[in-house]
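Chemist: These protein sequence lines are chains A, B, C and D, in that order. Counting in the working numbering, the first sequence runs from 9 upward without gaps. Counting in the working numbering, the second sequence runs from 9 upward without gaps. Counting in the working numbering, the third sequence runs from 9 upward without gaps. Counting in the working numbering, the fourth sequence runs from 9 upward without gaps.
To be clear, the hints were calculated from the coordinates, so they are not data collected in a lab. Computed from a predicted structure; not experimentally measured. One or more hints might be untrue.
Given that identical chains are not distinguished, each listed pair holds provided it fits within a single copy or across any two copies.
Claimed, not checked - Pairs of lysine-lysine residues, derived as BS3-like cross-links and limited to a Cα-Cα distance of at most 25 Å, are as follows: (1) K121 - K29; (2) K102 - K29; (3) K29 - K114.
There are 4 protein chains.
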Amino acid sequence: MRNFDELRDRVIRFRDERDWKQFHHPKDLAISITLEAAELLEHFQWRSREEVATDMRDPARRSALADEMADVLILLLSAADAVGVDLYEAALEKIEKNARKYPVEKARGNARKYDRLDDEE
Amino acid sequence: MRNFDELRDRVIRFRDERDWKQFHHPKDLAISITLEAAELLEHFQWRSREEVATDMRDPARRSALADEMADVLILLLSAADAVGVDLYEAALEKIEKNARKYPVEKARGNARKYDRLDDEE
Amino acid sequence: MRNFDELRDRVIRFRDERDWKQFHHPKDLAISITLEAAELLEHFQWRSREEVATDMRDPARRSALADEMADVLILLLSAADAVGVDLYEAALEKIEKNARKYPVEKARGNARKYDRLDDEE
Amino acid sequence: MRNFDELRDRVIRFRDERDWKQFHHPKDLAISITLEAAELLEHFQWRSREEVATDMRDPARRSALADEMADVLILLLSAADAVGVDLYEAALEKIEKNARKYPVEKARGNARKYDRLDDEE
């Protein structure tokens, strides 16, 4: 069993053991999330979809991506704590909201944005 | 108890009920994570640290942030699935790695980058 | 006199001498612009407005920023060429459009978004 | 003739007529550049290279891109002014620097990063 709160607690403990909460201004954490997302994106720069599919079979590349994704998640957990957001609950609620915006019968196999689901193909 | 895998499964189920896996190219998911991170960052644009501190006391603003953070997490879970990364394990490993890079005794109260921890104040 | 077209021509000549047009897919150039913007932003991470003001007096830091800004501009000129956009004309038109959205008498000293210019202070 | 300084002056005049220099903190301008770059990138989200090539033949889509690119350029000119950077000169210098990093004879038709130009294909 993998406990979401246990992961969050480890992130917070890491921060608090180093007395880093004082540096964790929400604006800077939001900047950090963007910068880490950019580092993740950089792995796909100049690569076609076909090249990416090949890249993904390479464990070293997957491991590099895992590292960048972990950075985004860790900072997201830090930011949620800094502004008092329950990230797990927020994600569940967002999935519910998205389910209402994109009803299965209309969205199935359809990549259109929710406000244009009735458009002609 | 909040189960990380349960959250991931809901994200994947949402995608699969809509037959959206075909659109989930890793490169596009990485772009999406960056775009959602930018939307989160937008909430802090033009605001000083003091203004942000005041903003954060407003439940409506916190709720808007929660919504953006949820988007980043949902897309991160989707991207991890698309490239075969175990995000929970990756985050635990990254925390370990960061702990070695930033030993408590040197990093305590020190915002410097790990490779400059020995620099003079 | 500093000629905009001369700058653009140098960027295009640099690309063509290396036969790099084949790699300049618009989507990848848009990714590159975002990544370079993130590198520029990184210089401000964890810095308060006051610290930034001090940083800006340091020629070495200004020079590092100039380098990042140049990257964004060079890629923007490359992207405009790749998709057939007249960047100079587009910027002039956007300034006109912004001038209509933010009339001087209402926008003066007012940081509000144009659709809320009539709001109470 | 299109004068770079004339464009920059129009951007600065727009700002000063509205007394907006007081809001133009370099950190926030760097955030704005990133956000506008993300808006530009959004136009390419979920689109394959082939779809993008088709999109680019549509004047309405090119016009939308021109608008986003203009935003990036305008903010870049604002940021350069705010921190005292000569953007035109910086771009010329960066092209020179890149020319040394990527010598024509080695870089021709080769998308590799400059530090790996000698690698086997």
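Chemist: Each hint needs a verdict: does it hold in this structure or not?
Modeler: Hints, one by one, checked against the model:
In this assembly of identical chains, the alpha carbons of K121 and K29 lie at most 25 Å apart only when taken from different copies (15 Å versus 39 Å within one copy). Taking the closest pair of Cα atoms, K102 and K29 come within 25 Å of each other only across two copies (19 Å); inside a single copy the shortest separation is 28 Å, beyond that limit. For the identical chains of this complex, K29 and K114 are inter-copy neighbours only, at 16 Å across copies versus 45 Å inside a copy, given an alpha-carbon limit of 25 Å.
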